[in-house]
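A.B. asks: One letter stands for each residue in the lines below.
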Amino acid sequence: MASNGKSSERQRIAQQRLRIIAGHLRKQEEADHIEIAAQECKAESSRTDTAKPNSVPKRRQEIMKWNGWGYSDSKFLFNKKGQAEFTGKRYRLSGLILPSLKEWFEGTFGANLQHKSPAAAALNAGAVPPPNLSESFVEELKATDIPFSHDAEDRVFRSHGHCLHEIFGLREGQYGRCPDMVVWPNCHIDVVKIVELACKHNVCLMPYGGGTSVSSALECPPEETRSIVSLDTSQMNQILWIDEKNLTAHVEAGIIGQDLERLLNESGYCTGHEPDSMEFSSLGGWVATRASGMKKNIYGNIEDLVVHIKMVTPRGVIEKSCQGPRMSTGPDVHHFILGSEGTLGVVTEVTMKIRPVPEYQKYGSVVFPNFQQGVACLREVAKQRCAPASIRLMDNEQFQFGHALKPQVSSMFTSFLDGLKKFYITKFKGFDPQQLCVATLLFEGDREKVLQHEKQVYDIAAKFGGLAAGEDNGQRGYMLTFVIAYLRDLGMDYYVMGESFETSVPWDRVLDLCRNVKERIVRECKEKGVQFPPLSTCRVTQTYDSGACVYFYFAFNYRGLSDPLNVYLQVEHAAREEILANGGSLSHHHGVGKLRKEWMQDAVSSVGLGMLKSVKEYVDPDNIFGNRNLL
Amino acid sequence: METLVWTCTEKTPEPGVFSDMLEERRRTSDLSYALKSYSPQPYKGHPPSSARALHQAVMDSQYLRYITQEIATESREPVEVIREEASGILEEMSHNLQLSVIRLLGYTLNKVFKSVFRRILVNEDGLNRLQQAIQEHPVILMPNHRSYVDFLVLSYILFTYDLPLPVIAAGIPLMGMKLIGELLRRSGAFFIRRTIGADKLYWAVLSEYVRTIVRTGSAPVEFYVEGLRSRTLKSLNPKLGMMHMVLEPFFKGEVYDISLVPISVSYDRLLEESLLAHELLGVPKPKETTMGLLKARKVLEDDYGSMHVCFGQPISVRELAKGRITRSQYNLVPRDLPQKPSEEIQAFVSVVAHGMVRLQERDTVLSPWSLMALILLQNPEGLALVTLTQRTAWLRGLVLKFGAHLDWPAQVSDEEVMSSSMSLHRSMVGCEGARVFLLEAPAPGGEASVSPEAAVFRRAAVVLMCASYRNQVLHVFVRPALVAVAMATTPSTRKEDVFTNFKFLQELFSNEFVFVPGMAAQDFEEGCLLLVKCEALQTSDQQLVRTEHGADTTSCLQAILQPFLQTYQVVFNYLTKDSALVFTERQYIPAVRSYCLKLTLAGELPTCEALSSDTQKNVLNALLRMNAVTKTKVGDQSEFRVNKAAIQRIGDILAGRIPPQSAAFSRL
Ligand SMILES: Cc1cc2nc3c(=O)[nH]c(=O)nc-3n(C[C@H](O)[C@H](O)[C@H](O)COP(=O)(O)OP(=O)(O)OC[C@H]3O[C@@H](n4cnc5c(N)ncnc54)[C@H](O)[C@@H]3O)c2cc1C
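Chains as they are written, first to last, in numbering that gives the first Met the number 0: chain A, 0 to 630; chain B, 0 to 667.
Among the hints, erroneous ones may be present.
Here are the simulated BS3-like pairs of lysine-lysine, each with C-alpha atoms no more than 25 Å apart in a straight line [said to hold, decoys possible]: (1) A:LYS525 to B:LYS43; (2) A:LYS64 to A:LYS79; (3) B:LYS43 to A:LYS527; (4) A:LYS527 to B:LYS321; (5) B:LYS321 to A:LYS525; (6) B:LYS177 to B:LYS251.
Some chain B residues flagged as far from chain A (calculated, every beta-carbon gap over 10 Å) [as the list claims (entries may be wrong)]: (7) CYS430; (8) VAL581; (9) PHE582.
The set of hints was computed from the structure by calculation and includes no laboratory data.
Bear in mind that the values here come from a model prediction, so they are computed numbers and not experimental data.
We put the beta carbon where it would ideally sit given N, CA and C, even for glycine.
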């Protein structure tokens, strides 16, 4: 690994950067890091020796929930006093009491703490269908020394992503079709071997990265009769080299976001790619789904970040011959790989752009009298191309939701949250508390520029009636995105189910789309017999020159419904129809998977779909990568 | 769309109880009524936007910017000039709704209504539903239009019931009436030129104006989908321009949904009844001058019985559009740019507009007089009072079976119903020695010696007046009646063959009666079903068989359509035998009229109703549609060229002399 004289300066910045990450992600002192030695790979010479154990072990069950989001030690619950608290030590909210959550929860959903809907207590390995193994494949695999398992728990863990229906099923103890075995390649060469064997023995391979998919991409196709092998990339997690002259890093595709950033930070760098799922999602997964990070305004989306990709396919390895920053060599073959959702092969190594860790970072927030004004402001910011690293606009419902997460004691929050109502009434006179909404901001760069930039953005906001509402408020907004997935699990303990979904849409349609989709959800729920009005809320999470990314949450109380899952699926389907009818895209970053496949042809035209199919046909004629996503 | 929304076979939702809104008005003073507190719950809590803000929004719209720029480029005039012009159009058009004027108007209308009507009956359930609808989505009020009186009646009712006041699309002629024009504007009327033609700028301003109101939901929009006041009291086929404008914000996703509220207004007796008949006979109507109608003391002192206003079930456009409209068709072009509506959209707009007229028909409350008029017209020589009473009572049973709403007073003997109706309509009907007969209209100016032509018109005037009242009930019968006629003209009893004939008749009469496009099969089924229901028909194994004891019903139903069948044949005869091959629009009506007159004097005109210029026009339009007449523009005149052989053929089919070619009339 290269180094230069400035390395101590880099170290300093890196330390700071770590603090920042910890700031919106997790507790700083995380001394009790779970030590898992998982480095059985036949070490490659160039491997960096500063490698730390990766944060997610091979046996995910050791630290992660089998039927919910995230770490087993971290969860929301209502304690005996009926107060909400967040357990564990990992996050800022960990160990804190959230006194207003109960009221919000009951008020919003008509839920009741007396009415519990607990999940199945433990994974019942006996209920998992036995694996359908290909003897000959297993035989030859053994010879390669690549670790594998057909343990029921390992298989169940890799049978799903995090769609509501997947988690809901697990909570009810339904396991569905699981992969028949799991393999853990340690490097590119291992993957080449596995793919060769799979082709030879006609088994179905399904790449598995961080398991955070929200498009049913990891669901095993029930119609698949071959043996299904989940190819878990988690052990391919090394930064192979850092090129400080060109500011690139060559990384194994199984590395997960938090490890990648942590390791790069140690050298004073970052990728700046921060999807909300970065604690668990992997580089390969990002490439395979065309992921988008919260700070794309500075760093770009995944397609802007990759310089070189190596992918193993049944036809062989695909990669470019050089690392030129742009090429005119026909259609960019990277774009067959980006968004291929595991249908063509396994991404094994990626060269990515890196940046020095920014010197300074500052949160901010602006309160607007209503959502229209907020959107108008974001539009203007986009027009002037002065969007901060991140700018997000939450609607009123989400703003109120944010309040409900006010912890009891926390110096960070007290200033802003204590007497919040008073604060708003005195400071934002004339703002209707049922209408106002808030934009959260994150600025990055060198200090002076950040301050300058900040002023520019606040000036624009002021033109749209926006008033600065403090740093804490902004920071809290970002924290929320990391705990929201945990909150869904709490809801499910009390008959509340929910999901999020996203789209991208031209600027002029943002308001109409938001209103119509939210309203559609409310009406569909009512029609389907949902007793209490659902939570139906959205935020604008990304801005582009010609449009924005909009993210919806919806959740409802399903008590009294005979088939709640079906109701939920119908509502989600209707919401997607509404998005498409209002000029929104099928997906901005979650991908298509199997969940949104039915709309693919409409989305890209039948010729477009045909083009993709013919690529699949050529690359993988025997459908070895048979997860049946996308096409 | 649930096709059933438009058919009457479905159990019609009851309009609910009607209550007399004048009753309370009579107990309180007009002044305290006019000054009552008024604080309606608006749409989504938005306060109505001011007329000026609306003007500004329209002028600032991207759409108008685009169009004005385009016109400026085409006409090589500075865009400022075009925008100035647009602003002028907008000025001329804009409503200027003011509560104070509504109060003044309330005061006046209160006085007038109390004096002319016995009761104004309103279904409060409908108003409650409307109140609900107004809060959720932009609302379009779609009343039928039968009288000058109903122009402001909805505003009056909504004011009374504390609902948001509508803005109302009105014709420019109303604006021409000086004082009244301004008064109407301030009561929420906005004015539309009668003939817009290809005036692109005008269309643009109008449509943006209407869309802006709908989009912002600033006020319910009221418009007459029939386009005009119906002179015949029959429903008119809808006009689609305005319908499209109000629906567009939904198509383009600018609003979540729009509620269409059909409203059926009906009168026991019309203030302008004699005017109508004279218009149809070609006696020029008095210009719509300021006090024109209401000034006439006599009119105001007379008794006009009751007025019914039925607020129908609000219809969700979103529900209607389900599966019919792909809203994503607007995805690829900025929504602000002018775009020719797709065929899918056009068809949808047409179906909705026609469907709304049907709903208006369905909810109309009929008066006993409509039924009596029907019977009187079938007995031009008069009939015994007992027979009239019997026949009317019998007809009453039939319309109720057919699902219509009838305002037949309870706890009153049939005889009393007859006599009170006749006394209300004593200008039309006389009763001497237990015989009832139609009168003649008084000679204008009381001329002593009357020319034979004038005598014809005097008789015809009463017949057409009477026919108007009958027309109000026609929609109830038209489908089974068409089936009955089709059966009579079809030699076989095969359902399929009868249906072919039915389709031909429907095609021919589609200017006469309102049929939702593309629903011939449902109309036919409905017709058959009703005939079965009244035991006039048995269906088995794809055969339609008339029943013995239903003969009376069948022949009555056929007789209902006779005046139309006869008039069409008369006009066909004229066109094939008497008319020139080519004539202008202006020549047509007078020529047909004098032909009819000639026949009358010779005692050969089968029905006075043939003298109605409305029906005469409808015949011409039907022939145009069926390509038996072609129309060409010569200068600013339209020229018609007749294909005599084709008309002959249509006449023969109508008379049952030859069968229709099913393919030739497959519009439906
Ligand atoms: C709470 C939460 C927040 C999220 N926030 C974001 C966000 O901010 N931005 C965003 O873009 N997405 C987000 N997502 C969605 C998800 O995290 C992304 O789709 C992510 O890219 C998936 O990565 P993964 O490693 O978890 O892939 P997995 O879920 O394991 O797999 C996803 C798909 O990629 C394929 N795949 C995985 N690895 C490889 C590989 N090496 N080679 C070939 N194919 C592969 C799989 O076969 C599968 O089809 C979020 C999800 C959750 C649950």
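A.B. asks: Now, for every hint given, state plainly whether the structure supports it.
C.D. replies: Structure-based check of each hint:
no.	hint	in the structure
1	A:LYS525 to B:LYS43	19 Å, holds
2	A:LYS64 to A:LYS79	23 Å, holds
3	B:LYS43 to A:LYS527	24 Å, holds
4	A:LYS527 to B:LYS321	17 Å, holds
5	B:LYS321 to A:LYS525	18 Å, holds
6	B:LYS177 to B:LYS251	38 Å, violated
7	CYS430	57 Å, holds
8	VAL581	50 Å, holds
9	PHE582	50 Å, holds
Hint compliance for this structure: hint 6 is the single one not met.
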